[in-house]
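As they're listed, the protein sequences go chains H and C.
Going by the numbering used here, the first residue of the first sequence is number 1, and it counts up by one from there.
Going by the numbering used here, the first residue of the second sequence is number 1, and it counts up by one from there.
Accuracy of the hints is not assured; some may be wrong.
Unchecked claim - Across the chosen pairs, the derived CB separations fall in these ranges: (1) C/Q327 <-> H/D308: 24 to 34 Å; (2) H/R304 <-> C/L194: 39 to 49 Å; (3) H/Y88 <-> C/G373: 29 to 39 Å.
To be verified - Calculated from the model, a selection of chain C residues having no Cβ within reach of chain H, i.e. all distances over 10 Å: (4) V15; (5) T23; (6) R102; (7) P114; (8) G133; (9) A223; (10) I323.
Simulated from the structure, these hints should not be mistaken for laboratory data.
No residue lacks a Cβ here, since even glycine has one placed at the ideal position from N, Cα and C.
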Amino acid sequence: MNDTMIDVEDFRREAKAWIAANLKPRERVRAGRVVGEVTTHEQIDAARTLQRTLFEGGYAGISYPAQYGGRGLTQAHEQAFREEAAGYVTPDFGVVGVVTMGAIGRSIAEHASAEFCRVHIPAILRGDEMWCQFYSEPEAGSDLAGIRTRATRDGDRWVISGSKIWSSGAYLADWAMCLARTDWDVPKHRGLTWFAIPCDAKGVTIRQIRQINGGAEFCEEFLDEVEVTDDDVIGEINRGWAVTQTMLVYERGAGETATPTEPRALAPDLVALARRVGRLEDPAARQAIARAHINDYAQFHLGRRIADRLEHSRNPDHAVAAYSKLAAGVYTPLRARLGMEIGGPAALAWAVGDEAEGRPALDYLNGRRISIAAGTNEVQRNGIGERVLGLPREPSFDTNKAFNEVLRNARSWDGKVG
Amino acid sequence: MDRDATEDQRALLDVSVRFMEETCPPAVVRDAERRNPEFTATYRSQAAELGWFSMLVPEALGGASLSGNGVLDAALIAYLRGGRLQPGAFVGTNVVADAIARAGSARLQAEVLPALVAGEASAAWALSATTAGSPAAGVDARADGAGGLVLSGAKTAVLDIEPGGWLLVTASSPDGPVQAVVAADAPGVGVVALESLDLSRRFAEVRLDAVAVAADAVLGDAASTAALVDHQLAVAATLVAAECVGAMAAEFAMTLQYAKDRIAFGRPIGSFQAIKHVLADTSLAVEMSKAITLAAARTLGSEDGHGPSAASMAKALVGDSAIDLAQNCFQVFGGIGYTWEHDQHLYLRRLTTDAGLFGDAAWHREHLCQLSGI
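Here chain H stands alone, though its shape is the one from the complex (with noise of 0.2 Å):
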């Protein structure tokens, strides 16, 4: 902290004065950080709108680099904000608005050139740039390092072709960054690159997935010789997986949905549901509503003793963050599993279009989300052992090999290492 930064709660005071003059009140008061959902590019624009406010305010991008259009203040002052603004309607981009401020906005500060930083930051901090991630492939996700998306220089251009899926949101965003191959003819991870794309370039095609659960949040790419130049390039060239980290601890730390506050009331959902269905008196029943209630308590004091210990730690390590991230993995499908054995046939069947009694079903096929995406269970287990534990690694037989080598290998890899 340097000596001209505003004291915290001087700036709260001056935002709360700030925001009692130019924002809209809440009809309702929401409970710490929800995500709204935003599904069309109306419900963005409004957004925008009111982003444009608190650019010009001086709140938005507030932990932001100032020479970048932010406050260059810290993510302490960010939160005193959000606890002054949370009683009054502020910018919801949804999923796009966490994945631009909170992830790529990051890395973009971190990693790219000050000519990019300067073009792009304050358009996103002005809300006027939505940003998505084209990173995972149909034939890559756990194994990001092995995505075969490639860019081939000609001249001072730079080709991209390939396929990307998984994109949150991706259809209502007008720039996205790219991670393609630029040579391989080295091991995986240094032959890696960042690009920014626009949305509308030329052999872009964006697609929604239509998801288990009826929506279609994600989305799946086309990149057919879609054409970039240098000034284009986020981080340096074959050093993307340096920047592919940076974006990982953000995007992990960004995607933090624990109740801001200790689950007291048993699992008023379940008992709700139970009540519906007559089972409240049910032993099994009653075993299952207080399982679900009692790894929603664990799993809010784990969140609240990794947070404190990453926070007065002088050396945190980050690694055990995966210890959050694994819980919410383990338990939101089990406590899912838990709502249908509570609902029994009226999980399985209900009125049409009553949203409250197809919860369960809803929450069943959601359930395994947080086991899958932004890092597996698996991938979570493997950080735990090795980074916090301190057990070796399994041994790897592609880390050293070309990549193009490795996949010429796969299908009739012998088992051999080395």
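Assemble the complex: chain H is given as a structure, and chain C must be docked to it using the hints.
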């Protein structure tokens, strides 16, 4: 969990660890003969000097807590005890001292309580009936017409009854549960030693044959006893959970080291994902158990009303996690874990026993529902 201690607590924890390692190292834990009455009395009085039995007792009655939250202080001690599989009536004595401080007669507070705090005597809570049931089941109480009671029946799996010790008996009467403090060697009281899964502690069946209890040995009245029993259960559950988490962490550390040292197929077995993932899941269980037990101790000791629920949640989660952990660690050890000389079975026995003491996981889940008004 002891890393969460304040500086004042830290000093007590450090000296407690030294005491345990000097007085009751693994060789003594393993050897029931060496834990004879003389050892028991010495261990108890030295522990008392460290303040182990004073933390739940208010200062006016001769007690003292370090942090202002006696349950949290005691839970941190319990955590360290569990890791070292310590014997002794720590949980029982603290629960009974707390109960006497809250609801005991002037005589109990003047005669029994100071002896407990000073380590001159220990106490055990006789709770479990030989057949399943409520905490009051197994022993019937009838009024003697002079404010006292006559107790008849039996309680089982009573933990660490020491020579010259006291028993807190929870019994059923026509007016609801009642409780009384009786001497373990009082006329009509029979203490029958049992064989037990856990080798590091002693269990007994208590038989009561028309045991006469004076009015000033009865705790509380008909109106308040049920709430007091709930409170005792919450304290016992929290302290046993804390001992259990200590044992979990110790066994996990031992297993993790083994996974790094043991070589198979040309590499440490902990490098195989089949083992690594079990250990990652198991360490998550340890972390969640620590988090929920500390939360329960903080909440229960601050008397904000949510304590009994938090305690039941901790006991349920820790109980299930402890058995999973014991099973997983056993599997990682493989054959060596099946040998008498390896410490694995001491933990397996301890953890499984802790999971069942003062209410198993299913009992506490149901209790949570009732505390929540459904």
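Hint by hint, here is what the structure shows:
For the pair C/Q327 and H/D308, the supplied restraint of 24 to 34 Å holds, since their beta-carbon distance comes to about 31 Å. Separated by about 41 Å at the C-beta atoms, H/R304 and C/L194 satisfy the suggested range of 39 to 49 Å. Look at H/Y88 against C/G373: about 35 Å separates their beta carbons, and that is inside 29 to 39 Å. The Cβ of C/V15 sits about 25 Å from the closest Cβ of chain H, beyond the 10 Å cut-off, so the non-interface label holds.
Under the 10 Å C-beta cut-off, the non-interface status given to C/T23 relative to chain H holds; the minimum distance is some 32 Å. Separation of C/R102 from chain H is adequate, the least Cβ-Cβ distance of about 24 Å exceeding the 10 Å criterion. No beta-carbon of chain H is positioned within 10 Å of the beta-carbon of C/P114; the least distance is around 37 Å. No beta-carbon of chain H comes within 10 Å of the beta-carbon of C/G133; the shortest separation is about 15 Å.
Listed as outside the interface, C/A223 is consistent with that label: its C-beta sits roughly 26 Å from the nearest C-beta of chain H, beyond the 10 Å cut-off. Every CB of chain H lies more than 10 Å from the CB of C/I323, the least distance being 15 Å, so the non-interface label holds.
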